[in-house]
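Chain by chain, the residues run as shown.
2 protein chains.
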Amino acid sequence: MNRQPINLARKLDAFSDHWAPKIIAQMNDYHFKLVKFEGEFVWHAHADTDEVFLVLEGAMTIHFRDTDVSVGSGELFVVPKGVEHKTSAAAECRALIIERGGTVNTGQVVDAKTAPDDVWI
Amino acid sequence: MNRQPINLARKLDAFSDHWAPKIIAQMNDYHFKLVKFEGEFVWHAHADTDEVFLVLEGAMTIHFRDTDVSVGSGELFVVPKGVEHKTSAAAECRALIIERGGTVNTGQVVDAKTAPDDVWI
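Chains as they are written, first to last, in my numbering: chain A, 1 to 121; chain B, 1 to 121.
Everything labelled a hint here was simulated from the structure, so no lab data went into it. The reader is advised that the hints may include incorrect statements.
Repeated chains share a single entry, so a pair holds when one copy, or any two copies, can fit it.
Below, a list of computed lysine-lysine pairs in the DSBU-like style, where the Cα atoms sit at most 30 Å apart [what the hints assert, rightly or not]:
#1 11 / 81
#2 86 / 11
#3 86 / 113
#4 11 / 113
#5 81 / 113
Bound conformation, chain A alone (with noise of 0.2 Å):
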């Protein structure tokens, strides 16, 4: 067992990259990923499982087909599996995002901004 905790302000200062999320914390199957978003994401679902994001710093717009959904730091939100969405910052904004491990940021698309599932920081 790890001893130490895991401080999300010292693991986000660690990294720069856009659009490219970070494994710190694993939770059964399920993983806790580190991410920093700026512009506009790909459409796209997660075919077999929920999406949480919550916001640490900045804010972010979760788009779907039919609304836009803002989510400010300190806010969290579930995107149900198989819904089709497109996330996008105007500014660099700060997420922690939990997920089944093995979830691939684009979903069923393959994109330049598809990311590896497995780096963690």
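Once you've looked at the hints, dock chain B against the given chain A.
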């Protein structure tokens, strides 16, 4: 689908009792729960699930039989399944707990602090 983000501070303002987790979101079969701690909890374990604590305000200690881990605001800790632990907080601590739905706060122990596992807020 809920169209509103969940604001953690607003949810925390909506209750004042200690040691009684309130569910704010569900991801697959996992629950996100807000809790306020103050004082000392009871020794217990969760036989079939890891448990994540993310401290939002204040500080808590997670006691294990062989060590203590201090977890401050913005820090996260994963208590592995089956490992006996006890939480404490000298002053009120506000935390987000993530664990499998149906997890009882006192694990296998029945105590005055045993809380219902299905209260949403």
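Hints versus structure:
| no. | hint | verdict |
| --- | --- | --- |
| 1 | 11 / 81 | both (28 Å within a copy, 24 Å between copies) |
| 2 | 86 / 11 | both (25 Å within a copy, 26 Å between copies) |
| 3 | 86 / 113 | within (12 Å within a copy, 42 Å between copies) |
| 4 | 11 / 113 | within (21 Å within a copy, 34 Å between copies) |
| 5 | 81 / 113 | within (20 Å within a copy, 35 Å between copies) |
Consistency note: the structure conflicts with none of the earlier hints.
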